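Student: Dock chain V against the given chain F, drawing on the hints supplied.
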Amino acid sequence: MQLLEVKDLSISFGGLRAVDNLNLTVEKGELYGLIGPNGAGKTTVFNLLTGVYKPTEGSINLNGVNITGHRTAQINRDGIARTFQNIRLFKDLSVKDNVKLGLHQHYRYSTLTGILRLPKYFKVEKEMDERAMELLKVFDLDGEAETLSSNLPYGKQRKLEIARALATDPVLLLLDEPAAGMNPNETQELMDTIRFVRDKFDMTILLIEHDMKLVGGICEELTVLNFGQVLRQGPTKEVLNDPEVIKAYIGE
Amino acid sequence: MKLRKQTKKEFITYAIVLLFYAVVMILDVTGNLKSHTKGLLVPVCYYATAAVSLNLVVGILGDLSLGHAGFMCVGAFSSSLFSVVFKESAMPVGLRFLIALIIGTAVAALFGFLIGIPVLRLNGDYLAIVTLAFGEIIKNILAAIYLGYDEAGVHLSLKSFTLQGEGKMLINGAMGIQGVPTDSNFTVATLILILTLVVVQHIVDSRTGRAIMSIRDNRIAAESIGINVTKYKMLAFTVSAAIAGTVGVLFSHNTSTLTAASNYFGYNVSIMILVYVVLGGIGSIRGSVIAAALLYALPEMLRGLGNLSNYRMLIYSVILIAVMLWNWAPAARTWREKVFAGKGGKADAAS
Numbered sequence: 001m002q003l004l005e006v007k008d009l010s011i012s013f014g015g016l017r018a019v020d021n022l023n024l025t026v027e028k029g030e031l032y033g034l035i036g037p038n039g040a041g042k043t044t045v046f047n048l049l050t051g052v053y054k055p056t057e058g059s060i061n062l063n064g065v066n067i068t069g070h071r072t073a074q075i076n077r078d079g080i081a082r083t084f085q086n087i088r089l090f091k092d093l094s095v096k097d098n099v100k101l102g103l104h105q106h107y108r109y110s111t112l113t114g115i116l117r118l119p120k121y122f123k124v125e126k127e128m129d130e131r132a133m134e135l136l137k138v139f140d141l142d143g144e145a146e147t148l149s150s151n152l153p154y155g156k157q158r159k160l161e162i163a164r165a166l167a168t169d170p171v172l173l174l175l176d177e178p179a180a181g182m183n184p185n186e187t188q189e190l191m192d193t194i195r196f197v198r199d200k201f202d203m204t205i206l207l208i209e210h211d212m213k214l215v216g217g218i219c220e221e222l223t224v225l226n227f228g229q230v231l232r233q234g235p236t237k238e239v240l241n242d243p244e245v246i247k248a249y250i251g252e
Numbered sequence: 001m002k003l004r005k006q007t008k009k010e011f012i013t014y015a016i017v018l019l020f021y022a023v024v025m026i027l028d029v030t031g032n033l034k035s036h037t038k039g040l041l042v043p044v045c046y047y048a049t050a051a052v053s054l055n056l057v058v059g060i061l062g063d064l065s066l067g068h069a070g071f072m073c074v075g076a077f078s079s080s081l082f083s084v085v086f087k088e089s090a091m092p093v094g095l096r097f098l099i100a101l102i103i104g105t106a107v108a109a110l111f112g113f114l115i116g117i118p119v120l121r122l123n124g125d126y127l128a129i130v131t132l133a134f135g136e137i138i139k140n141i142l143a144a145i146y147l148g149y150d151e152a153g154v155h156l157s158l159k160s161f162t163l164q165g166e167g168k169m170l171i172n173g174a175m176g177i178q179g180v181p182t183d184s185n186f187t188v189a190t191l192i193l194i195l196t197l198v199v200v201q202h203i204v205d206s207r208t209g210r211a212i213m214s215i216r217d218n219r220i221a222a223e224s225i226g227i228n229v230t231k232y233k234m235l236a237f238t239v240s241a242a243i244a245g246t247v248g249v250l251f252s253h254n255t256s257t258l259t260a261a262s263n264y265f266g267y268n269v270s271i272m273i274l275v276y277v278v279l280g281g282i283g284s285i286r287g288s289v290i291a292a293a294l295l296y297a298l299p300e301m302l303r304g305l306g307n308l309s310n311y312r313m314l315i316y317s318v319i320l321i322a323v324m325l326w327n328w329a330p331a332a333r334t335w336r337e338k339v340f341a342g343k344g345g346k347a348d349a350a351s
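Going line by line, the protein sequences match chains F and V.
Residues 1 to 252 in this note's numbering are what the first sequence lists, from first letter to last.
Residues 1 to 351 in this note's numbering are what the second sequence lists, from first letter to last.
Simulated from the structure, these hints should not be mistaken for laboratory data.
The model shown is predicted, which means the values in this text are computed figures rather than measured ones.
Any given hint might turn out to be false.
Claimed, not checked - Derived CB-CB ranges, DEER-like:
id: 1; chain 1: F; residue 1: D140; chain 2: V; residue 2: K338; range: 31 to 39 Å
id: 2; chain 1: F; residue 1: L118; chain 2: V; residue 2: K8; range: 18 to 26 Å
id: 3; chain 1: V; residue 1: W335; chain 2: F; residue 2: E27; range: 56 to 64 Å
id: 4; chain 1: V; residue 1: K338; chain 2: F; residue 2: N183; range: 28 to 36 Å
id: 5; chain 1: F; residue 1: L118; chain 2: V; residue 2: T230; range: 22 to 30 Å
id: 6; chain 1: V; residue 1: N268; chain 2: F; residue 2: G14; range: 39 to 47 Å
Note that CB positions come from ideal geometry on N, CA and C, so glycine has one too.
Chain F with its partners taken away, still in its complex shape (with noise of 0.2 Å):
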């Protein structure tokens, strides 16, 4: 079953036509790498995805229904959640306080209610506090739940992303470059993580990387980009193997 589907993507800054005619199909569960070099155009699909920029032409559907120009905010809500090449916490807020912002559509009250300090206050913060920890739990975070999300080590934060990006309930996940800064035995165990949160929350995934090791070793189906085209798209072993895609990478 097809999840996300976008046709003929284009976006233009200018003169320069960043992303050019993409055309992307990711199907439910699966883990999909977007590669390619430096600035051909990852992290701008990234940002057309999330209503960030809106497209010059073009469409996303997102389990058949057209989210093309929705709101970032909207976009999440429809079930789209991301996270960060340069890791983007709430940095002055708890470790908790950062999931539980993750949970924040879910778990309602009024303003007012919180002023009123209404029974369904405390029920619904009690709620939120459980569910928060149960997610850092499965991170492994629930040690440092009250810590200042900035005074964790960088590992930790990435992981923080990714939980507080599962909290909002999506039914894809965005990773922009989730190795990125990691030595080789983070990157090997991030690689563990992404498997297990596909497994454990049955999510889609679509990750940027650089690091050929964790795309070769995760994904099931890439699409590399160059200069904003697709140079090759299909299985992850055949698309790694390709002359075309060796020479974009490493030059003749």
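Tutor: Quick look at chain V alone, frame taken from chain F:
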């Protein structure tokens, strides 16, 4: 039930205010309070209230607003107008003041909402400049309005006019509103301060407050997890303006003449309140209260220094600079961290 850490922090703040109130009351009853000091009590409370409300925008939402005095001005004039009109009626004083408080708060909230629509599209320096401009516009318009009624009806003008027969000038241009009933007192002002603390601290420690702080910390990430940024920005700005309106009511009902003069509602007053917020610690509600109380009372207290009192504004500035260095200079911070090791590290935002 064990008290949560946040709840405990909130109660300490209320306790500080109540303790201050109790000490003042005991001094007053035993006759140890000079009338000059007494005159400072209501302003101390309402400037503390103003600082707490400004902190909601500056510290919790993370937007620099310099128009706070403008909202105070709106609250002051709208409520005073009501009080002057109903001064001679049979309405009990308490009820009249309560309605005045509600009117001042509501009108300022409305202005906050309307001004927030264009202003909150901006960021950083631009937002600061535009809020400053709006504050000045409000003050200058109110200083130019003439409003009165006579046998021919109600007159509203930007030029001075003479009344025909029986009538009364309500707002007399730069002369402002005369004869506002002095309904404010220290007890009411303390109650308002505590009420403000309850509202602001409860907002901060709730789903709403988390959303507001998430915008401060990382707007893009907040949007990516579905937070409605515009809604929460408007909410914080409107609540802050509303409380500034309440402060205006307390202000105007503390003296009988109300004018839209610069030294009451100009940008320098907005900046003075901002100084309280910054020195108390951005985002720290309790800090705002303490800083406002100390810094407002300080120049007044320095008057009592005899010959030195000529230098009181100089001493005041030196103290400001010293506190600023103590709070923010890197060297002072490292030294403090060394001395008070063990604190910090834990989530300590928005106490």
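Student: So, against the hints stated earlier in the document, which numbers end up violated here?
Tutor: none
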